[in-house]
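Colleague: Turn these sequences into a full structure, and let the hints guide you.
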Amino acid sequence: MVWPLLALLLSPVGAEDIVKTTVVQTRYKIDSRFEPVLRETVEKLRRQLRAKRAEGKLITFVSIPLSARGGGNYALNSEVAEAVKKRLETRYGPEYFWALAPGLVESSLPEIEGRRATGSEYMYMWTEVLAGEQGLGEDFDLIYFCGPTDFGRFFGFDGEGDLEKLKLFMTRRAEQDPDFARTVSTPEQRRAFLRYYGFSASVAASTGAHDEWNLFRRVNERRREKWGVARRLPFYFDGEMVAPPVSESPVTSGYEFRGGGEE
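In this text, residue positions in the sequence shown follow our numbering: the first is -5, and each later residue adds one.
Bear in mind the hints are in silico, worked out from the structure with no lab data behind them. A portion of the hints provided could be inaccurate.
[What the hints assert, rightly or not] List of simulated lysine-lysine pairs, BS3-like, C-alpha gap at most 27 Å:
(1) Lys79 / Lys38
(2) Lys51 / Lys23
(3) Lys14 / Lys38
(4) Lys80 / Lys46
(5) Lys51 / Lys14
(6) Lys159 / Lys79
(7) Lys80 / Lys159
(8) Lys220 / Lys46
(9) Lys161 / Lys51
(10) Lys80 / Lys38
(11) Lys14 / Lys220
(12) Lys51 / Lys38
(13) Lys161 / Lys79
(14) Lys46 / Lys79
(15) Lys38 / Lys23
(16) Lys161 / Lys80
[Stated by the list, open to error] Across the chosen pairs, the derived CB separations fall in these ranges:
(17) Glu73 / Pro181: 42 to 50 Å
(18) Ala45 / Gln170: 35 to 43 Å
(19) Ala48 / Pro172: 41 to 49 Å
(20) Glu34 / Gly155: 41 to 49 Å
On a predicted model such as this, the values are computed, not experimentally measured, just so you know. Using N, Cα and C, we set each Cβ at its ideal position, and we do this for glycine too.
Modeller: Written as structure tokens, this is what we have:
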């Protein structure tokens, strides 16, 4: 009986995983210590969306991979998110259009007792924000899923020697940014960086984006039942509208909790 007692003594005080059910009836297992800040952040983002809507703006959500898995870099992905946001606002006109992108200041969760929020906490939060209070995605007009072309624009790819351009970017960035340099300090890390941003960087490589795709597919089912097919949220991927057979198809879930348990 020593090990169970030791585990209890070493576990964080007040820590408890709980399963939360979202407005669209999906579930996420979260650390209960994050529950207050998650509620606060959801309300803050909803107020921001309402304010933009009150200004008469059409609103999009930018879905983009953020984690460092597979050779990615969080800070770099956040910069790409900001670049996509600005490009879309320029394309449609900032007077009439506003984009909400993850990874920016307004959506960051603080550490609690030395612990960072995981993908489950973030996806519970984002689901509540994106689905809206009615579960109809009523705060959004367009859903934009980032693809390889979006990343390629950031690095200046032009279809000729793109990996060489990426390697040059990596080398220059490492010379200027010590934190970034530590992430590409070995040959294996550098190959992973080139492979990820050269071939893979898109929502296809994002666990959370898989949940976001399934979320908006559910939202569109609800919108179709309530308002008809003309009021479905359009999906864009890599700058182009996604055809209905694709946008209506589910993908493998990401952080969504599939086990037993109650909220």
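Colleague: Hint by hint, which ones does this structure get wrong, listed from lowest number up?
Modeller: Numbers 2, 5, 9, 17 - these are the hints that the structure violates, sorted from lowest upward.
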